[in-house]
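Enquirer: Here's the letter readout for the chains.
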Amino acid sequence: MTQNQALFEYLLRLGDSDMVLGQRLCELVGNAPALEEEMAIGNVALDLIGQARSWLTLAAEVASAAEIEGAGRSADDLAFTRDERAYRNLLLVEQANGNFADTMARQYLFDAWHFHLLSALSHSADERIAAIAAKGLKEVTYHLRRSSAWIKRLGDGTDESHAKMQEALDEIWTYSGEMFIGDEVDTLLSEAGIGADLAALHNLWKADVQAVFAEATLTCPSMDEYMQRGSKKGLHTEQLGFLLAEMQFLPRAYPGASW
Amino acid sequence: MIQSYDSANKNQPLIATDRAGQLLEQPAIDRIWALLDEVPDPEVPVVSVVDLGIVRDLSWEGEQLVVTLTPTYSGCPATEFIEDAIRDALHGAGIGNLRLQQRLAPAWTTDWITEAGREKLRQYGIAPPVGSASKRTLLGEEPDVACPQCGSHDTVQVSEFGSTACKALYRCNSCLEPFDYFKCI
Ligand SMILES: [Zn+2]
Chain A
1 MTQNQALFEY LLRLGDSDMV LGQRLCELVG NAPALEEEMA IGNVALDLIG QARSWLTLAA
61 EVASAAEIEG AGRSADDLAF TRDERAYRNL LLVEQANGNF ADTMARQYLF DAWHFHLLSA
121 LSHSADERIA AIAAKGLKEV TYHLRRSSAW IKRLGDGTDE SHAKMQEALD EIWTYSGEMF
181 IGDEVDTLLS EAGIGADLAA LHNLWKADVQ AVFAEATLTC PSMDEYMQRG SKKGLHTEQL
241 GFLLAEMQFL PRAYPGASW
Chain B
1 MIQSYDSANK NQPLIATDRA GQLLEQPAID RIWALLDEVP DPEVPVVSVV DLGIVRDLSW
61 EGEQLVVTLT PTYSGCPATE FIEDAIRDAL HGAGIGNLRL QQRLAPAWTT DWITEAGREK
121 LRQYGIAPPV GSASKRTLLG EEPDVACPQC GSHDTVQVSE FGSTACKALY RCNSCLEPFD
181 YFKCI
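Protein sequence lines, in the order shown, are assigned to chains A and B.
For the record, in the first sequence the residue sitting at position 62 is 62 according to the UniProt record's numbering, with numbers rising by one throughout.
For the record, in the second sequence the residue sitting at position 139 is 139 according to the UniProt record's numbering, with numbers rising by one throughout.
Rather than coming from a laboratory, the hints here were simulated on the basis of the structure.
From a predicted model like this one, the values you see are computed outputs, not experimental measurements.
Beta carbons are placed, not taken as given, at the ideal position from N, Cα and C, and that holds for glycine.
Incorrect hints may have been included.
Said to hold, decoys possible - Okay, the calculated bits of chain B under chain A, using three or more residues with CB under 8 Å as the criterion:
no.	stretch
1	69-83
2	101-114
Stated by the list, open to error - Here are some chain B residues the structure puts well away from chain A; computed CB gaps all over 12 Å:
no.	residue
3	A34
4	D41
5	S59
6	E61
7	R87
8	G92
9	R122
10	V130
11	S152
12	N173
13	K183
With the hints as constraints, model all of the structure from the sequences given.
Expert: Here's what the structure looks like:
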């Protein structure tokens, strides 16, 4: 694997996770439990889709410059014409919205990872990655602030909100480990100073979630539990196909359609 | 150097062209800054794209004007709209040979909003960013936001996100009015 092939793959992972979570959150526009939360969810989704565009645009540039698989495709092509098996988003982000506690549990576990990941990438040896990460980090700081506040509020709230929050956390937990399971791509780019060191990232994330759960009076599930994996090879849960079918319908039904 | 635009001359073309729309002379950079200071932000039309610090640099490369822009938020839906508005304004002034380029680093910060821009936001009913952007936001430190309606500091955050990603929703406990706060990033 050349460094450019690894870089292309790495950028797809970054872009796809942002994209799929952004799309999931958009399902709540018109459906959120409160108007303020609906606006917040819509704005978080917009930030994520914007970041996805930056990563996928860079992925397309890298592919074209290095003439590797995917050459000649634009960011839109990458988003709208790849099938499920070619998607590289985390299994965590494709999970359904569920109830509000489920939505916030998924969001918080992702935001805590995203925040520390972008902090690390803002020092990447690749200036293009550092620039996108530094910009995204400012936005993600507010995402994390909001989702950790909700974990505490629901966890340390009424008996019912506490029970729902704990249940949501226990349910989604099995998808959290994948964020820290590296492969050849991670090793190659981390050694080159371009990608993040996953072990360091895991420690920062652990400290973050343990502190927030303690404050929220929630029990942190075991870090040693079996964790679902597969997205780095394009193996997804059944949830992703439905999401892509909706997201990709228009450009696939009317190729080349524009505003 | 940002120059204020002389509103008395608003109907005069800012930059002279002949009848075919050809530039009679290459306009000075400060006149172009003044021209762009008339281009409103599509979401908060009281402030210009110059007030917001989106326009980072203007320069002539031979016959071509190069406009460097830094987008505010990654997903800001106004980004393309702003580019079109800038292009329109410059074309309208006879500058056809131009190139717009995006600069991502350093990332846009609310610290770049001009003093004039902050005052215009306040008058429009949006509380301008308090202090400068820093990681303190993450530690949950609440900024001391004054109500743009009555000036009271007895205000409370209703939601971390307001009508757009760049704003939070607040309420004033003195006059009871809700208002938008332009968050520091
Ligand atoms: Zn007031």
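Enquirer: Compare the structure with each hint and give your call.
Expert: To see whether the hints hold, each was checked on the structure:
no.	hint	in the structure
1	69-83	holds (count 5)
2	101-114	holds (count 6)
3	A34	holds (29 Å)
4	D41	holds (17 Å)
5	S59	holds (21 Å)
6	E61	holds (22 Å)
7	R87	holds (17 Å)
8	G92	holds (23 Å)
9	R122	holds (22 Å)
10	V130	holds (15 Å)
11	S152	holds (21 Å)
12	N173	holds (17 Å)
13	K183	violated (7 Å)
Hint check: a violation occurs at hint 13 only; the rest are consistent with the structure.
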